[in-house]
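> The lines below spell out each chain.
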Amino acid sequence: MSNANPLGREQPAPRHDNQAPETFGQTPWQTVGPFFHYALPWKGGADLLGASDLGARPDLFPPAHDLLHATTPRPPIAGEAIEIRGHVLDAAGAPVIDAMIEIWQANATGRYASPADPRTDLPLTEGFRGFGRSATSATGEYVFKTIRPGRVPGPGNTLQAPHIAIGVFGRGLLKRLITRLYFAGDPANTDDPILDLVPPPRRHTLIAHQANGHWQFDIHLQGKSETVFFDI
Amino acid sequence: MAHIHFTPEDSAQPPSLFPPYASTVARSPKHPLIRIPQTLTEITGPAGTWDQLMGPAVADLTRQHAAEPIGQRIAISGRVLDENRRPVANTVIEIWQCNAAGRYIHAKDQWDAPIDPNFTGAGRVITDADGAYRFTTIRPGAYPWGNHHNAWRPSHIHLSLLGPAFATRLVTQLYFPDDPLIEIDAIANAVPLEARARMVARFDIATTQPNYALGYLFDIVLRGQAATPFETDHE
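Residue numbers (the numbering used here), protein chains in the order written: chain A, 1 to 232; chain B, 1 to 235.
These aren't lab readings, by the way, just hints derived from the structure by calculation.
Here a beta-carbon is modelled for each residue, glycine too, at the ideal position from N, C-alpha and C.
Mixed in with the good hints there might be a few duds.
[Unchecked claim] Derived list of chain A stretches under chain B, where covered just means 3 residues or more per stretch with a C-beta under 8 Å from a C-beta of chain B:
hint : segment
1    : 11–21
2    : 47–56
3    : 66–73
4    : 86–97
5    : 164–173
6    : 188–200
7    : 220–232
[Claimed, not checked] Covered by chain B, per the in silico footprint, the following chain A stretches (three or more residues, Cβ under 8 Å):
hint : segment
8    : 108–121
9    : 127–140
10   : 205–211
Start from the sequences, fold in the hints, and give me the full structure.
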């Protein structure tokens with residue numbers, strides 16, 4: 001920080017701003033607003049297998065302003081390829097057309113493509129980063145293509161059921177909402193240490209179901225079927 | 001396994017429901033959040049792969065088209081730190097904003113301020129080993145919005161950070177000093193008063209480039225690692 005006055009005069013009263021020592025602390029969250037599409041979601045950002053342009057909304061801005069992201073080719077990804085689709089819905093069940101979903105997941109063997117995953121004995125999957133972004137469509141739908149993740153350790157000596165961490169952003173969301181997707185019918189769900197913390201009547205909001213060749217996972221921000229959101 | 005653990009949200013964070021920002025009313029959960037432990041899922045993240053996901057830095061938003069955009073050229077500089085004041089190195093900051101007239105290059109922005117064909121308002125910078133970053137842009141304009149009668153957003157730049165883990169994700173907005181619209185803005189006011197100043201950049205003559213761009217300082221603080229009962233003190 002530099003506060004020098006080039007005129008060599010004394011400074012006025014201290015300013016209460018980002019640089020003031022007494023304000024130091026977590027930077028506050030703010031909404032992404034409705035106009036993030038030319039900056040955050042990129043073509044292919046929702047296809048973790050690297051085979052399509054899924055994820056972006058190029059219909060919302062001119063092609064000359066599509067500057068930031070390029071789809072990178074990658075090798076075939078090991079694992080069970082899956083498609084996840086869902087709508088983001090508000091309190092009235094109306095589609096949220098200006099939301100963005102992020103996912104974070106392990107590869108098929110349960111290894112995260114992250115330096116913070118210390119289990120180097122498990123193989124990484126070349127070309128698979130486990131992170132994806134999808135803007136919702138004009139009908140409030142998001143789509144991801146990815147692989148079904150393996151199991152990862154939980155607290156203590158537990159093992160978590162296969163799951164995908166989800167972040168929800170959008171106009172009207174002052175901060176990210178965090179949830180998880182689990183797979184219906186997976187026997188590991190019954191003793192998952194995180195699902196176990198959720199009151200049984202609400203657990204179904206975290207379970208994706210197979211439908212027409214994809215996994216369906218709607219996200220209800222509020223309302224009768226409000227999705228469970230987590231404080232991490 | 002590692003016992004990394006991130007400190008909880010502090011009192012600076014806005015609530016999900018803030019009725020003066022009308023869009024939060026139908027889009028915020030009614031149930032309380034369920035507190036869960038930070039597992040390997042939450043303490044890992046795409047920290048090492050942003051370049052493969054998004055691509056290289058785009059740090060000058062004034063040189064993305066045939067000519068320079070209209071507006072006051074500015075440079076924003078600062079550091080990304082954690083709550084223990086340790087630099088967050090090699091992390092990506094995604095940037096977006098409207099143009100000098102307050103108009104976004106977005107089909108849904110229907111305000112009739114002019115579009116600038118030479119300004120997109122999107123960029124990306126990467127922090128260095130000291131957590132430092134710098135980018136050049138033009139000062140965004142204020143603009144009206146439909147939140148309530150005569151509502152105007154203060155000039156702001158959107159910033160999105162991944163940080164080291166899923167748990168450290170942050171999206172914020174940078175505001176400018178001495179902007180009278182901040183105190184009547186429904187989005188900035190969702191943050192408690194004592195922390196609102198964290199989002200206000202400081203004009204800085206040393207950051208200012210002579211004969212080129214006014215300079216502002218803006219540090220960004222992510223959730224920091226905390227000791228857990230499982231680990232001994234180190235570092």
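> Each hint should be assessed against the structure and marked as holding or not.
How the hints compare with the structure:
As drawn, the segment 11–21 of chain A meets chain B at 6 residues by the rule of a beta-carbon pair under 8 Å; at three or more, the given contact holds. Given a C-beta distance limit of less than 8 Å, the hint that chain B covers the segment 47–56 of chain A is violated, as 0 residues qualify and 3 are needed. Only residues whose C-beta sits within less than 8 Å of a C-beta in chain B count toward coverage, and the segment 66–73 of chain A has 5 of them, enough to reach three; the restraint holds. As drawn, the segment 86–97 of chain A meets chain B at 5 residues by the rule of a beta-carbon pair under 8 Å; at three or more, the given contact holds.
Coverage of the segment 164–173 of chain A by chain B holds. Counting CB-CB distances below 8 Å, 7 residues qualify, and the rule asks for three or more. Interface restraint, the segment 188–200 of chain A with chain B: holds (4 residues with C-beta to C-beta distance below 8 Å; minimum three). Coverage of the segment 220–232 of chain A by chain B holds [criterion: at least 3 residues with CB-CB distance below 8 Å; count 9]. Counting residues of the segment 108–121 of chain A whose CB falls under 8 Å from any CB of chain B gives 8; the rule of at least 3 is met.
Proximity of the segment 127–140 of chain A to chain B, defined as three or more residues with a beta carbon under 8 Å from a beta carbon of that chain, is established by the 3 residues found. Counting residues of the segment 205–211 of chain A whose beta-carbon sits less than 8 Å from any beta-carbon of chain B gives 0, not enough to reach three: the coverage restraint is violated.
Hint compliance for this structure: hints 2, 10 are broken, all remaining hints hold.
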